[in-house]
Every structure is written in structure tokens, then in C-alpha cells.
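As you go down the protein sequences, you meet chains A and B in turn. Under the numbering used here, the first residue of the first sequence is numbered 1, with each subsequent residue one higher. Under the numbering used here, the first residue of the second sequence is numbered 1, with each subsequent residue one higher.
A couple of the hints might just be wrong.
[What the hints assert, rightly or not] Cβ-Cβ distance ranges computed for the label pairs, FRET-style: (1) A:I67 <-> B:Q34: 20 to 28 Å; (2) A:S6 <-> B:I42: 16 to 24 Å; (3) A:Y88 <-> B:L19: 17 to 25 Å; (4) B:V47 <-> A:S28: 53 to 61 Å; (5) B:P58 <-> A:I12: 24 to 32 Å; (6) A:E128 <-> B:V47: 58 to 66 Å; (7) B:V47 <-> A:P130: 36 to 44 Å; (8) A:K2 <-> B:Y14: 25 to 33 Å; (9) B:I42 <-> A:I15: 54 to 62 Å; (10) B:A23 <-> A:K2: 25 to 33 Å; (11) B:A23 <-> A:V11: 54 to 62 Å; (12) B:I42 <-> A:S28: 28 to 36 Å.
Since the hints were made in silico from the structure, they are not lab data. Note that the structure is a prediction, hence the values are computed from the model and not measured. Backbone N, C-alpha and C define an ideal beta-carbon position, used for all residues, glycine too.
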Amino acid sequence: MKTSLSIRYAVITVILILIQTTFLRFISVGGVTPDAIVLWLVYLALRFGQIHATVAGFVLGLTLDVIGGDFIGLSALSKTVSGFVAGYFYNEEKMEQTLASYRYTVLTMLVSMVHNVIYFSIFVQGSEMPFWRTLFLYGMTTTAYTSVLSFLPIFGFSRARGDRVLLR
Amino acid sequence: MRRLFLIVQQFREYFLLALLVVASVAFMAENDNQQIRRIRAIGIAVVGRVQETLSFVPNFFQIQRENEVLRQVNLNLADEVNQLREARLENLRLRRLLGFKETTRYEVIPAKVVGKSLYLLRNTITLHAGEKDGVRVGMPIVTDAGLVGKILATSPAYSIGQIVLNRDFRASAKIQRSRVDGIIAWEGGRYSLMKNVPKTLDVKVGDIAETSEYSNTYPPGLRIGVVASVTQQPGSLFQRIEIENAVDFTALEEVFVMKFQPDSARMQLELRARR
């Protein structure tokens with residue numbers, strides 16, 4: 001990866017973290033907030049492969065843990081595994097097709113589900129909250145909301161792809 | 001090594017995932033919240049269950065170590081048992097001696113036997129009691145069983161005792177039942193002899209021999225032993241009387257020295273009469 005590209009991705013990452021930790025709560029529905037970081041992880045996995053996505057998941061998760069400050073390591077674990085799972089779908093030849101189609105949404109849904117299962121299975125330990133109820137109430141709804149939100153980048157990717165096709 | 005490197009290279013995604021998961025778990029373990037406490041509890045339960053399930057599989061090194069520990073414990077316990085047994089036996093001996101001390105009318109000095117010879121012609125015992133304790137030459141040595149001998153030499157802390165099993169030992173004795181007098185001596189072997197007893201006098205196997213009033217060294221009535229055999233020797237005026245000693249010299253460990261001194265007035269009178 002070139003240095004300029006790396007800086008660009010780093011800046012986008014920082015902006016996304018800020019959005020996730022500050023602005024997304026304003027569009028929460030019934031206390032459920034979409035996970036922009038998962039969207040970004042899926043994108044990174046499709047663009048750069050499994051290793052990059054796994055490392056990015058760990059770094060992003062740990063950063064969120066440090067900012068949140070209540071359970072260091074939980075997001076790092078769930079997002080590391082999410083990045084790893086998303087990386088399975090890396091295919092250099094079909095990358096742009098996947099990013100610009102419903103596949104991105106389906107993949108986001110799957111990765112978000114994996115993320116939430118890991119996250120809530122640990123989060124509910126020692127509390128009165130029943131796992132399945134919590135997973136359904138918060139995990140599945142977050143997955144649904146994040147999946148819905150994944151349409152926004154799809155539009156962006158498909159437009160960029162269309163432009164590139166037109167330019168050829 | 002190269003093969004290992006190739007394996008790592010081939011499965012690098014999985015190794016990376018494992019590494020990062022371990023790092024995440026390590027970060028999580030640093031927290032001290034209810035989730036971590038619960039997970040720790042679950043972990044302990046799972047590990048315990050697994051250990052319980054696998055407990056039938058012997059761990060060679062653990063067994064070896066356990067064996068060493070058990071051997072050491074066994075040694076210590078055996079030593080302790082030995083000491084307790086010794087203490088019990090000592091307790092029994094001391095109780096017997098104490099009983100004797102309470103019944104005897106003479107003052108006695110307790111002494112531990114720290115050395116003895118039994119297979120010479122002039123056998124002695126070494127006592128850990130000396131002049132500082134009041135031991136003097138000539139004092140009788142006894143146990144609850146009977147006469148042991150007399151003090152031969154003393155030092156401030158130790159003394160040497162001449163025992164019955166000594167060729168130089170002599171003691172005036174009598175048969176308790178028939179009041180027949182004689183002299184106790186030892187000429188080697190298991191038994192002492194009661195000498196100078198005419199053939200006509202009444203001595204039977206099983207009779208008890210004890211010190212007599214004629215002795216100026218030993219108080220009367222101290223048990224010496226039991227008559228083991230009486231033989232009429234042809235061509236001799238006297239009987240051969242073998243005495244089984246009352247004291248077991250092989251197991252002698254504690255004795256009393258009697259503060260019995262010869263009566264000097266009596267000795268002087270007897271000496272004068274002989275002259």
C-alpha cells in the first residue's frame with residue numbers, strides 16, 4: 001500500500017471512529033446504533049484481504065475500547081474475528097462488483113452478526129440479562145441497522161464504478 | 001526449522017488471528033468487572049472439569065515427585081514412630097525405676113548407662129553420674145530388678161561400675177527361703193555362682209538369692225537372681241549353684257546408685273577382731 005493511500009485510509013479511519021463515537025448516537029433508533037466500523041472493516045477486507053482486515057479489526061476495536069473505557073479488549077476481540085471472517089470473501093477480481101452490489105450488504109450482515117454474537121456472549125456474562133434476548137434486542141437490531149446503512153456506501157461504490165466504466 | 005517457517009507462512013492468517021485474539025483476551029483479563037469475574041469462574045469450572053476427567057491419566061513427573069515426597073514423609077514418620085517407641089519404653093523403664101525409688105529406704109542417685117562391656121572377664125559399666133551428683137567409690141548400683149554391681153571409680157561427671165558379671169565381683173548372699181548363706185561370684189558364662197554352700201544345706205532350683213546382712217558393701221535384701229541349677233559335685237564339700245541374674249545386663253540403660261556407705265565402726269571392729 002502506498003504511503004499516500006495509507007494516510008488517506010488512516011484519516012478515513014479516524015473520521016469514522018469519531019463518527020461512531022459521537023455522531024451516530026443521534027441517529028440511534030430505540031437505543032440501537034449502527035456500527036460504521038463494521039462497514040469499514042468489511043470494506044477493508046474486500047479491498048485488501050484477510051490479514052489487513054484482521055489487524056485493522058484489532059486496532060479499531062482496541063481504539064474503541066480505549067475511548068469507551070469500560071471493557072478493554074472486548075471490541076478488539078469481536079472486531080478482530082469480524083475482520084478475519086470478512087477476509088474470507090476477499091477476491092481481487094470481483095472486489096468492485098462485490099462492493100457495488102447487495103453482496104456487500106449480505107456480507108456486512110454476516111460479519112455484523114458474528115461480531116454481535118461474540119460481543120454479547122461475553123458482555124452478558126455475570127449479569128441478569130439473558131443472552132438470547134439481549135442478542136435479539138440489541139445484536140440483531142444493530143446488525144439490521146448496520147446492514148441498512150451499508151446501502152449508502154453501495155451507492156457510492158456503484159457510482160464510482162459507473163464513472164470508471166464511462167471513462168474507459 | 002524451514003519446515004516450521006513454511007507452515008507458519010502457509011497459515012499466517014490463522015497465526016495472526018490467534019495472536020490478536022490472545023492479545024485481546026489478555027487486555028480483557030486486565031479488567032475487573034462482573035463479566036471477567038464470571039468468565040474466570042467459568043474458566044475455572046471448565047479447567048476443573050477437564051482436570052477431573054483427565055485425572056486418571058498418570059503424570060509421570062508428578063508421580064515421581066509425589067513418590068519422593070511420600071518417601072521423605074515415610075522416613076520422617078518412621079523416625080517419629082521410632083522415637084515414640086523409644087520414649088514409651090523409656091517411660092516404662094523410668095516408671096519401674098520410680099516405683100523402686102519410692103519403695104527403697106536408701107537415698108538413690110539416678111544415672112544413665114552410657115557405656116558397658118559384657119564380653120570381657122572384668123566387665124564394667126560407665127554411668128553418666130559422678131562425684132558432683134554424690135556418687136562415691138563402693139556405692140551399690142541397683143535397678144528395680146535387683147543388684148547390678150558397685151562403683152569402682154569416679155570422676156566429677158562420670159563413674160565406672162563393677163557389675164556382677166566381673167571375675168573380681170564378690171557379694172555375701174543368702175537364699176531367701178532357707179536363709180542359706182554363700183558368696184556370689186562369676187567365672188564367665190551366663191550364670192553367676194553361689195559359692196561356699198555345703199552339700200547338706202537346703203537349696204532348690206527357683207529359690208531367690210539376695211544380698212545378706214553379712215555384706216558390708218551392699219544393703220541386705222537386694223535381689224541377685226534365681227537359682228537355675230544345683231549340682232552335687234563329686235569330691236567336693238560344696239554344691240555348685242548357678243544363679244540366673246535378676247538384672248538383664250544386655251538391656252541395662254538406667255540405674256540407681258545407692259547412697260549406702262559401709263559402716264566404718266563395724267569395719268574397724270571386725271578388723272580389730274581379726275588381728
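For each hint, the structure was consulted:
1. A:I67 <-> B:Q34: 20 to 28 Å: Since A:I67 and B:Q34 have Cβ atoms about 21 Å apart, the given range 20 to 28 Å holds.
2. A:S6 <-> B:I42: 16 to 24 Å: 41 Å, violated
3. A:Y88 <-> B:L19: 17 to 25 Å: Since A:Y88 and B:L19 have Cβ atoms about 18 Å apart, the given range 17 to 25 Å holds.
4. B:V47 <-> A:S28: 53 to 61 Å: Distance hint for B:V47, A:S28 is violated at roughly 40 Å.
5. B:P58 <-> A:I12: 24 to 32 Å: Given about 59 Å between the Cβ atoms, the range is violated.
6. A:E128 <-> B:V47: 58 to 66 Å: 26 Å, violated
7. B:V47 <-> A:P130: 36 to 44 Å: 26 Å, violated
8. A:K2 <-> B:Y14: 25 to 33 Å: 28 Å, holds
9. B:I42 <-> A:I15: 54 to 62 Å: Violated, since B:I42 and A:I15 (Cβ atoms, about 39 Å apart) do not stay within the stated range.
10. B:A23 <-> A:K2: 25 to 33 Å: Holds, at about 28 Å.
11. B:A23 <-> A:V11: 54 to 62 Å: 25 Å, violated
12. B:I42 <-> A:S28: 28 to 36 Å: 32 Å, holds
Hint check: violations occur at hints 2, 4, 5, 6, 7, 9 and 11; the rest are consistent with the structure.
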